[in-house]
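**Q** Sequence:
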Amino acid sequence: MALFGFEKDTLLDLTVNVIPLGILFFFIVAFAAFPAFGTDPVFTGLQFALIISMFLLLAVLTYYAGKAVENAEKESGELGHED
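In this text, residue positions in the sequence shown follow numbering that gives the first Met the number 0: the first is 0, and each later residue adds one.
Since the hints were made in silico from the structure, they are not lab data. The beta-carbon is built from N, C-alpha and C at its ideal position, and this holds for glycine as well. Be aware that one or more of the hints could be misleading.
Claimed, not checked - What follows is a list of derived Cβ distance ranges for each label pair:
1. Glu77 to Gly37: 56 to 64 Å
2. Leu57 to Ala31: 14 to 22 Å
3. Val59 to Phe25: 14 to 22 Å
Modelling step: build the complete structure from the supplied sequences, incorporating the hints.
**A** Put into structure tokens, the structure is as follows:
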């Protein structure tokens with residue numbers, strides 16, 4: 000079964016990045032439900048900008064890392080069949 004175009008082995012490799020994504024998502028939800036710095040729009044905006052930007056950057060990095068792993072596995076599989 001392929002999820003997001005990745006095979007099972009690649010998804011297992013990507014769990015290293017999925018766990019921090021889950022932690023960041025937890026803090027986004029927690030800070031939205033219970034504001035840490037009150038209702039000051041400057042501090043709240045800065046806080047969410049930092050957390051959400053890190054979440055998005057890590058998500059993009061994880062996607063491209065998965066594509067690189069898939070391509071490397073394909074290439075190594077093709078090289079192994081040349082014998």
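**Q** Confirm or reject the claim that Leu57 and Ala31 have a C-beta distance inside 14 to 22 Å.
**A** Since Leu57 and Ala31 have Cβ atoms about 19 Å apart, the given range 14 to 22 Å holds.
**Q** Given the hint of 56 to 64 Å, check if Glu77 and Gly37 actually sit that far apart at their C-beta atoms.
**A** Holds, since Glu77 and Gly37 (Cβ atoms, about 58 Å apart) stay within the stated range.
**Q** Should the hint that Val59 and Phe25 are 14 to 22 Å apart at their CB atoms be regarded as holding?
**A** 20 Å, holds
Going through the hint list in order, the structure satisfies each hint without exception.
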